[in-house]
Amino acid sequence: MSEAFVQGIVVFVLAAFVGFEVISKVPQTLHTPLMSGANAISGITIVGAIIASAFVDGTAATILALLAVIFATINVVGGFLVTDRMLEMFKPKKKQE
Amino acid sequence: MTLTTLLYLLAGVLFILGLRGLGGPRTARRGNLIAALGMLLAVLVTVFNIIDEPDVVWWIIVVGMIIGGAIGGALALRVQMTAMPQLVAAFNGFGGGASALIAFTAILATDGVFATETAITVALSIAIGVVTFSGSFVAYAKLQGLVTGRPLALPGGPWFNAVLAAIALGLGIWAVSAGEPLGYWLLAGVTFILGITAVMAIGGADMPVVISLLNSFSGVAAAMAGFVIGNQALIIGGALVGAAGLILTIQMSEAMNRSLANVLFAGFGTEGAGPIDAGDRPVNSASPDDVAISLAYAETVMVVPGYGLAVAQAQHAVRDLANALEERGINVEYAIHPVAGRMPGHMNVLLAEADVPYELLLDLDHSNPKLPNTDVVLVVGANDVVNPSARDDSGSPIYGMPILEVDKARTAVVLKRSLSPGFAGIDNPLFYQDGTMMLFADAKTGLEDVIAALGQL
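Protein chains in written order, with our numbering: chain A, 620 to 716; chain B, 57 to 513.
If we strip away everything but chain B, and leave its shape as in the complex, we get:
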């Protein structure tokens, strides 16, 4: 038992080293491998610890791992890089679900009779694990486009979820104090609904924050399950992930200059989401040739990628265009907004896939000072993150969100399919500004047309 605990501690240390490795571009892959080794160690230690027990039901472990490994492996190896965020959401959901299931096996084994402190962790494993499970799959469905990205207006607004949470709390207290298995099952039912309604009420643009929070939840659920079965490996790993997810969540909310509570309960995107009336404001609609000419005579070009780039799988086209420009001696860099795409770092992953050097990707603080001296900014499928309203219009729902100040560049080329609003559902004055050229096209075909036009010059 002592040796087991020490080996679990070693696994925990490997997790910590792995997470630290994941923090640097050169050590990240090794970090992931180290964390995976920690996991392998924890699993092997667990198996060896029960190997001499006479009544172990081995087929469950073997069959379960084969099925789970096949499903997980197939999903991970087949996913498109653009669909990465929703896959992480789905994996999250499975982890949370597993923790809740562990608590239920404990309930079946004991008929729901626990010491009070253990009973509390049983209830928490179930509540947090089930919310993670149902919430993650709603997040998956939203990002996959299976349900609308618009926030669902619940009857009673945020109170709807508050009432559900209060019912869940009451059921949890009843289950814990009465040692009543039925209470735990009802708790699972209510928290299942709560996970769905809570995430449905949040707009698609905020899904990164939600996934990050659910990532944190899945860790906490694992830690609580660790208390239920008295296992330190679960407590260490779960607490680490709980803290990790929480920090990411807070950083993401801050990147949008909003509090976490605002993200979760404000139903962002319902207000002012009516149809945009472009009216008779003139838009400078450009052809691929116009864009190619202005790019060809630039000295510095900054690319601002957004989700439209991901949807159109245009990361390679961007790279090809940058290559063509660099051959002409034009300096090309990339400005990455913290919430561009559907996840922090989403754009970095996509551009890395297209062999864009890591050093050319600039964050908000490094790109904004450069923008006023940039000849041409090429906005590819981004909208809200370059909306000057966030800076100028105190009545705007996104007022205060840090933006890439593309409107300060000499020329802004916006490659976009239409004038339709982004996820925040608001109009973008950048499109009507004097120095802006609108190239209406799918990101990939638009870029390919520009590359072709550039070749003709």
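Just chain A, same shape as in the assembly:
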């Protein structure tokens, strides 16, 4: 197993634990925006799509790479925008008594 792969495993495990700790403190009322925001972060796969499409060779690979970039960009742009739209409504409001 290569050194880089082992490093990847280390990063994966530590990041998963960080995610676990950060998320477990979120109040239930914000779960929908949180899920939406986390979903946008999973669009990080856009980085992979860019790298994959940079060096493609052949028609099949070109089509797959183009679809990968489109799909990942939908996830990123749509995900962050829709989360922002949701959270816009959570602006602190003064209590009306």
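Some hints could be false.
What the hints assert, rightly or not - Quick look at which bits of chain A chain B covers, simulated, 3 or more residues with Cβ under 8 angstroms:
hint: 1; segment: 654-662
hint: 2; segment: 669-677
hint: 3; segment: 682-691
Hints listed in this document are in silico derivations from the structure and should not be mistaken for laboratory results.
By construction, the Cβ of each residue, glycine as well, lies at the ideal position given by its N, Cα and C atoms.
Once you've looked at the hints, dock chain B against the given chain A.
Relative to chain A, chain B alone:
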């Protein structure tokens, strides 16, 4: 290369700070922005890293981002707040699909020849990414009403999916050990079907749990794709989301007092889902005037919103009614069940859209102690989450699920279109209880009628 990795690490830190910000109502929006900045950083770093390479096929990146950005932006800006859960499901699906596609570009580039550990991550990217893709779109179709919300009874029950999963495992092992591209393509085919059948077998009421789990999957798929192409940004971001989605999934299952395995494999809603026979049990059917009168003479009112409110777009009508009551000096609060609507927090988003102050939204633990001293509980389009059977009837399929104990309030007003059962497909004794008034109407028109009647008093 070193600088690239460090900048990816910075992007990862921004993701973590963003997720933490999303955890508080005052910092949430900034948190989302911070996470988005992390994403922008990761993309820019990636682009600058390849900018000096001679053979980069730039048009794919530019065209892909323009098309994807236009589609994603249009969907996000146009969606109704009520349709939010299925849109998140769809975005999930695209993310998972992208990760699987990245693995396939790697297969095409190498003819399927990888070191064993990399080959395993290729197979995992494909299997998890494709299940996320097809499963998410079935979840979308269920919530959008394109296919039935009822769980589909598969031949052989849960074994059907178990056999598919076993076939997928076999294909994965073959592809990895033989370095055989065909094995990966067949794996994608089988997992595509598995995603469809697995989600079809789950009832519409459980879609929040499914979407949350698929959210976790899309993260894991991204992390696996990160191993395939040796990219730390994907591994960090993917692992974070994988953990986030998993926690949400477990919390949601717990809110229904069921294990995750039970949600995924029990075909909840198939049992006892026959037609409800109201028989000759008397129902106290009330008019908007009756409801207005009992509200007008209350001191405390608790609103319990459910999916019917979302469907009818009645969040503003609820707010208007609350305003009218508050003008009369009546104290109005809102009791939010963890699984009300189609997603945890779904009701909070809708009510926030209608300018209901965040502080007035009470969760299960804070609202239940208040309910016995509440004069009138107004249940708007909710059913299973206020069903006393979950507490009293050990034979009920939802027995053990925490409920809002609306039956303990002095008066319960249930605003609902009919006596038809909710997603769980079971009858609700609350409707036949002495202190219950049934107002049969669409949530929005019903509320507007009550507001009008209140104005006449």
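Against the structure, the hints come out as follows:
1. 654-662: With 9 residues closer than 8 angstroms to chain B, the segment 654-662 of chain A meets the three-residue bar; holds.
2. 669-677: holds (count 9)
3. 682-691: holds (count 9)
Hint compliance for this structure: no hint is broken.
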